[in-house]
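Asker: Sequence:
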Amino acid sequence: MPDLKPSVAQNLLVANGVRPSRGNSADTSSHDSGASETSTSPFEPHSENTNHTPPSSDCHQPSAVDSDNLVILSDDESDEKSSSPGSPSNTPADSEPNGSLSNSGKGSFVYHPPGSKDGIRLTDADVACLLPNCFLNDTIINFYLKYLFYEQLTTFQRHATHLFNCFFYSRLSSIPSGSTVSVSAGASDSQQAESLRKVRHANVANWTRRVDLFSKDYIIIPINESSHWFLGLVCYPWMTGMVSYTQLYENFAFDLCQLTPKFVDVDQLPVSSADIGLEELKVFPSDKKGDAFDRWRRRRLAWLRRRGINAMPCILLFDSIPSHSRVGNLHIIRNYLQAEWDARRSERDGVLTFNKDTIRGFSPKVPAQSNLVDCGIFLLHYVEMFFKKPVKSYTKVYFQNEMCSWFESEMLGQKRSVISKLIEQISRRTSARH
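First residue of the sequence shown: 1, per the UniProt record's numbering; consecutive thereafter.
Please note that the accuracy of each hint is not assured.
As the list claims (entries may be wrong) - Restraint-style ranges between C-beta atoms, simulated for each label pair:
#1 Gln425 <-> Lys262: 46 to 52 angstroms
#2 Gln192 <-> Arg433: 36 to 42 angstroms
#3 Gln425 <-> Val211: 27 to 33 angstroms
#4 Gly107 <-> Asp189: 51 to 57 angstroms
#5 Ala343 <-> Arg428: 29 to 35 angstroms
Unchecked claim - Calculated cross-link-like contacts (lysine to any residue; reagent style SDA-like; alpha-carbon spacing at most 25 angstroms):
#6 Lys198 <-> Phe293
#7 Lys262 <-> Lys288
#8 Lys388 <-> Ser405
Just so you know, the hints here were simulated from the structure itself, not pulled from any lab data.
Keep in mind it's a predicted model, so treat the numbers as computed, not measured.
The beta-carbon is built from N, C-alpha and C at its ideal position, and this holds for glycine as well.
Based on the provided sequences and hints, a complete structural model is requested.
Answerer: This is the structure in structure tokens:
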């Protein structure tokens with residue numbers, strides 16, 4: 001039996017009305033109660049003023065407190081609470097496997113995704129994390145995300161997506177010892193926030209030296225805090241500044257994408273190229289600062305709209321244990337985007353502000369885990385379903401209805417064994433080549 005280190009996860013489960021179970025992992029189909037409860041539970045209420053209730057068995061019949069299908073993360077809380085140097089470790093919990101699960105008889109092999117220069121070494125201990133009642137470690141998370149990215153996504157999806165590995169967020173959110181965050185005793189809050197933003201960005205500055213995040217539709221960020229996995233997903237960061245959320249909500253237009261005056265003519269643009277989705281940004285000698293970027297994103301948005309995609313700039317946080325502690329994660333990710341823009345794009349493309357008005361954070365109400373160990377399985381499933389059933393309208397109703405159909409009990413109940421068999425197949429494929 002692995003050391004489950006249940007304190008944090010158990011407290012969150014109990015707080016949300018879910019009775020935790022060590023044995024009801026979503027890794028086998030033999031425990032009907034655990035599997036069905038996990039796969040058919042509705043979206044949990046996230047309102048801070050609402051008492052949590054246990055998941056229902058019918059996701060299409062939300063209670064009165066579930067009337068909000070998508071929750072806007074508050075921007076009134078500081079991110080220091082969840083990311084200070086004294087906060088719980090971001091390192092996944094260690095698990096003692098129940099037994100040995102070998103592959104190809106060698107104890108380890110290196111997975112080289114087609115098209116990737118980097119490989120991932122998997123050992124017996126890593127594969128054993130897929131046994132019932134075990135936490136998934138970072139190696140398994142990184143492996144399956146790379147497999148999805150390089151072997152399951154379409155060419156366009158790969159081109160439009162950037163995948164960070166499991167270590168990115170922990171590096172980003174940490175503050176190196178000896179770093180000076182506050183610029184002076186009399187520094188304003190904005191000055192201190194900017195100092196912290198720069199320190200964190202410096203931690204990961206080299207991670208994107210060969211990639212332009214602001215040409216991507218999606219940025220995948222797996223996160224582990226206090227031995228709990230959840231997912232950060234940035235959608236359409238290049239649309240930042242094209243929509244005013246404040247204006248939308250003042251007009252009660254929650255489910256519409258109303259562009260700011262500068263971009264209202266997007267729908268009138270002539271867009272006929274079939275491959276404009278792969279179009280690179282082009283700078284002409286006559287361009288002023290920001291002209292090339294605005295021209296590119298106008299065409300890209302027009303191309304998306306022609307295909308019925310109601311794109312919106314947002315940061316989504318998918319958590320299989322509903323909680324209200326993700327505001328700090330939202331701030332860290334959004335501040336990173338601001339620092340990345342300032343460092344790499346502002347000189348050529350001008351000022352772009354990333355805040356709650358221009359790129360808002362949301363916590364979609366997704367099916368929740370009913371035990372202490374399946375958070376990693378849920379993270380992987382969120383990513384897989386996001387690309388298998390692409391979102392076409394970033395609205396409250398769409399998220400509510402579509403995410404209810406993501407999880408099939410048979411699929412989720414067997415996901416551990418599916419990944420284990422996949423590793424075995426790739427191991428044999430690798431051995432055959434040598």
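Asker: Okay, which hints does this one fail, numbers in order?
Answerer: Violated: hints 2, 5.
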